[in-house]
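Those protein sequences? They're chains A and B, same order as listed.
Under the working numbering, the letters of the first sequence match residues 336 to 832, in that order.
Under the working numbering, the letters of the second sequence match residues 336 to 832, in that order.
Derived from the structure by calculation, the hints contain no laboratory data.
Watch out, some of these pointers could steer you wrong.
Because identical chains share one entry, a pair is satisfied inside a single copy or across any pair of copies.
[Claimed, not checked] With a Cα cut of at most 25 Å, we get these calculated SDA-like pairs of lysine to any residue:
id, residue 1, residue 2
1, 481, 803
2, 612, 383
3, 612, 376
4, 400, 340
5, 612, 360
6, 612, 367
7, 612, 381
8, 612, 388
9, 823, 527
10, 612, 364
11, 612, 370
12, 400, 386
13, 400, 389
14, 400, 390
Protein chains: 2
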Amino acid sequence: MNTNTTAYSELERRFARMSHLGDAMALIGWDTQTMMPEGAAPARARMMASLRTQLHEMLTDPPVKGLLGAAEGESLDEWRHANLREMRRDWVHASALPASLVEAHSRACSACEQEWRQARPAADFARVRAPLAEVLRLTREIAKIKGQALGCAPYDALLDQYEPDSRAQRIDALFADLGAFLPGFLAEVTRRQPAAKSGPLGPFPIQSQRALGLAMMEVLGFDFHFGRLDESRHPFSSGAPDDARITTRYDEADFMRSLMGVLHETGHALYELGLPKDWRGQPVGRARGMGVHESQSLIMEMQACRAKGFLGFLAPRAAQAFARDGEAGWDAETLFAVSMRVQPSFIRTDADEVTYPAHVILRYRLEKALIGGELEVAGLPEAWNRGMRELLGIVPPDDRRGCLQDIHWYDGGFGYFPCYTLGAMTAAQLFQAARRAHPALESEIAAGKFATLVEWLRAHVHGRASSVSADTIVREATGGPLDAEKFKTHLRHRYLS
Amino acid sequence: MNTNTTAYSELERRFARMSHLGDAMALIGWDTQTMMPEGAAPARARMMASLRTQLHEMLTDPPVKGLLGAAEGESLDEWRHANLREMRRDWVHASALPASLVEAHSRACSACEQEWRQARPAADFARVRAPLAEVLRLTREIAKIKGQALGCAPYDALLDQYEPDSRAQRIDALFADLGAFLPGFLAEVTRRQPAAKSGPLGPFPIQSQRALGLAMMEVLGFDFHFGRLDESRHPFSSGAPDDARITTRYDEADFMRSLMGVLHETGHALYELGLPKDWRGQPVGRARGMGVHESQSLIMEMQACRAKGFLGFLAPRAAQAFARDGEAGWDAETLFAVSMRVQPSFIRTDADEVTYPAHVILRYRLEKALIGGELEVAGLPEAWNRGMRELLGIVPPDDRRGCLQDIHWYDGGFGYFPCYTLGAMTAAQLFQAARRAHPALESEIAAGKFATLVEWLRAHVHGRASSVSADTIVREATGGPLDAEKFKTHLRHRYLS
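With the rest of the complex left out, here is chain A (with noise of 0.2 Å):
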């Protein structure tokens, strides 16, 4: 050991002991998931808690706080300063509450989100109005008090937790260049959207779906001797290192529903697998926060495998997985036009490429006003239906396929919504720049090969995990700051020309 640095090896110590922790949390999670029998549910329940208590008081025991301050002292390379930098900043976002607080919002939380379950389907927004109203409440707090401690406005401070770093200035910015942009355009694209197509038609054998899955996820380059695809009623991505799980529910009426999903957690999974393995354990070594990790899905589901150029690869391997070869359909015309469909409506995550936004732009504005007190818990459903209105030109008929249909907010998650579509721009932003830099890199993508663009990301994010910000991340790849122009950009060229 360094004796120049050795409040700083020792965080480092205590830093991975955590990480080895907080990875066992994250299999215990997939467990939960994808294998637990039901009747375990409440003995699970009761030991994540515990290990998240165990988590949160090595996080918080009290001589990290002076090795934090006699580190910031010690002679660092760049990498360690930004990994101090990572520590300081779980280290706030974990003690900065008082322990009262933290519980009263836990407890908030769940009986809030236990509400909703029943409210949702009910569309009966009253029942979740008091108890949405506390967790509003405690969250305003405890945005102001990590606001404090991180010097921040309080919804910044809310954001740093999914998006370290980002600013609601920047995110305003953006989203209104984008939300003048999208119903002018939408109306376009629905004028000049040819009749509906349908595509092939089921039913699609699981064992085909899944055999089909996996041979596209070797195609981007997944490496089975390090990860795993099973099913789980949420797709999600998760896993630890050299271990990256990946999930997928399926639909026999629809393969290229699962297929997409499949190809987009397959992007999440290529980012962790591509971390830097020195940094492994270390804050500095994990992935960059929910905005990137969202482009290195969509820059796989969205920009190359969502192209008629992948669609083209796609659909004989899809016809002869299904033992449907020389039937009509499986072409990428047919394809790319049932995948391109553009139709407002009222689900989120049922929302197409071109609408998404929207309902992100308008869950950003609704939960910053929440936050900020210029709205309340009772005017909700009223501002949802306007903003629906305004930004897809539809209103839904009540709150289930309104203001109820997100377990977000009703589950304390504020400062979580802006990342999905600051992900989209991401990945544009980052495929063109990809583009630049290799004029083949489409024609290879169309041909099944994905090297390029793989080893271009690692090069230019996954590699660099935590070290810089996102903003950086983006500038150093792309050659300026993010820029809704490039999404736009993107949208134009695949549903107008």
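Since the structure of chain A is provided, determine the placement of chain B on it from the hints.
Relative to chain A, chain B alone:
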């Protein structure tokens, strides 16, 4: 909190936290053997080592010693008192040794185990002689120190890790009795048994074997709301509260091997699922040790399921599972004849019910002599072969089929072997007591009804957890101490009647 049990309550809180971490480690251990992608193995090993260190630090945290002392002055009811005794046992085993010795032992074991993996297939005992001598040297030191801390002989301190409170003196007497009986009994059985008979011939498709295994698990009373059956290279039983996980390995040529293994592991799982819910997460709520655990698997496999009664229930269901209804050989007599074949052999894990205890008695005698200093590593092969001749009348042609066959010693596992045969003896004695209490027991089992047996075990074994010693469990369940005569009666009845 009762102010009279402040220290005790604090210990309960701490042990609950440790238990949750232990459960997490058990689930991840399950994952390692069933789900983990191969490439994750090195990272997984580091994660597990880190979690083990964390758990060890929690157990040996300085305040624990004082809390144990203070709690002994508090007024505790019977179970809390027993819980405190088990907490102290955990603590003594964890804290008796200096960290340097634990580490040296751990390093010596993994070095020796690695050599053993090369030495076994090559039948090259010379290769492991030095590393095993080092493991033995350190194990003797550990045994001596733990013996002083526990107030028992060194070898007893090793036994105590697996079979709490058991003593070599008692095992000596039991094994002397059985060891004197076995050679003559074996000669008589092999002389009288008919010529080898072959059972139904495969292949038996794995899917059908799995379906039959699941069905028979349900017959025994396994509730899949609280558990799973999976595949692994080495079958085992593991899990967490309300979450029993057993595994098997399928052989397409032999369905009985996997099926009987599944029923064996189901016995382990029913024990875990039957532990008292009120004492979950506390040391007193755990299973009572490896001997009792083995008795619960063997009571299902050997006492209940390999009996002609159950085989008569199984035979037509197995025939149906493999779509072989109406073919010859699918009857209790044939399955029994195949399953009861006795034949001295070199490898313990392939041994039948009659010769298995001879393997265990040999290992017990040798490991006791090794720890006691009457035998050194250099003399092991010769002592092994002499014992095989004496107990089984055969001498292995090489050390691969002799003293190199089991991983236990090479990985530092001294004191475990006797549990296998203590379990077999306990199973026989418990079964005979259950039959006395319920004269219809065997006819119920022959009709596929296990509720009476399982309820009896819940009341007399499972529900007692670690509140009393294994000896007390046996005495109170059967009316007397563990007695080799009961096992001999079982063997005589099954093999000579």
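Now for the hints, and whether the structure bears them out:
For the identical chains of this complex, residue 481 and residue 803 are intra-copy neighbours only, at 21 Å inside a copy versus 51 Å across copies, given an alpha-carbon limit of 25 Å. With identical chains, the CA atoms of residue 612 and residue 383 are at most 25 Å apart between copies only, with a shortest distance of 18 Å across copies and 27 Å within one. Within a single copy, residue 612 and residue 376 get their C-alpha atoms only as close as 34 Å, which misses the 25 Å cut-off; across copies the closest is 15 Å, which meets it. With identical chains, the CA atoms of residue 400 and residue 340 are at most 25 Å apart within one copy only, with a shortest distance of 16 Å there and 34 Å across copies.
With identical chains, the CA atoms of residue 612 and residue 360 are at most 25 Å apart both within one copy (20 Å) and between copies (24 Å). Taking CA atoms no more than 25 Å apart as the test, residue 612 paired with residue 367 passes between copies only; the shortest distance there is 21 Å, against 27 Å inside one copy. Proximity of residue 612 and residue 381 under a CA criterion of 25 Å is satisfied inter-copy only: 14 Å between copies versus 33 Å inside one chain copy. With identical chains, the CA atoms of residue 612 and residue 388 are at most 25 Å apart between copies only, with a shortest distance of 22 Å across copies and 28 Å within one.
Proximity of residue 823 to residue 527 under the C-alpha cut-off of 25 Å is restricted to the intra-copy arrangement: shortest distance 17 Å within a copy versus 88 Å between copies. In this homomeric assembly, residue 612 and residue 364 come within 25 Å of each other (Cα to Cα) both inside a single copy, at 23 Å, and across copies, at 23 Å. Proximity of residue 612 and residue 370 under a CA criterion of 25 Å is satisfied inter-copy only: 23 Å between copies versus 29 Å inside one chain copy. Within a single copy, residue 400 and residue 386 get their C-alpha atoms as close as 22 Å, and across copies as close as 23 Å, so both meet the 25 Å cut-off.
For a Cα distance limit of 25 Å, the shortest separation of residue 400 from residue 389 qualifies both inside one copy, at 17 Å, and across copies, at 21 Å. In this assembly of identical chains, the alpha carbons of residue 400 and residue 390 lie at most 25 Å apart whether taken from the same copy (16 Å) or from different copies (23 Å).
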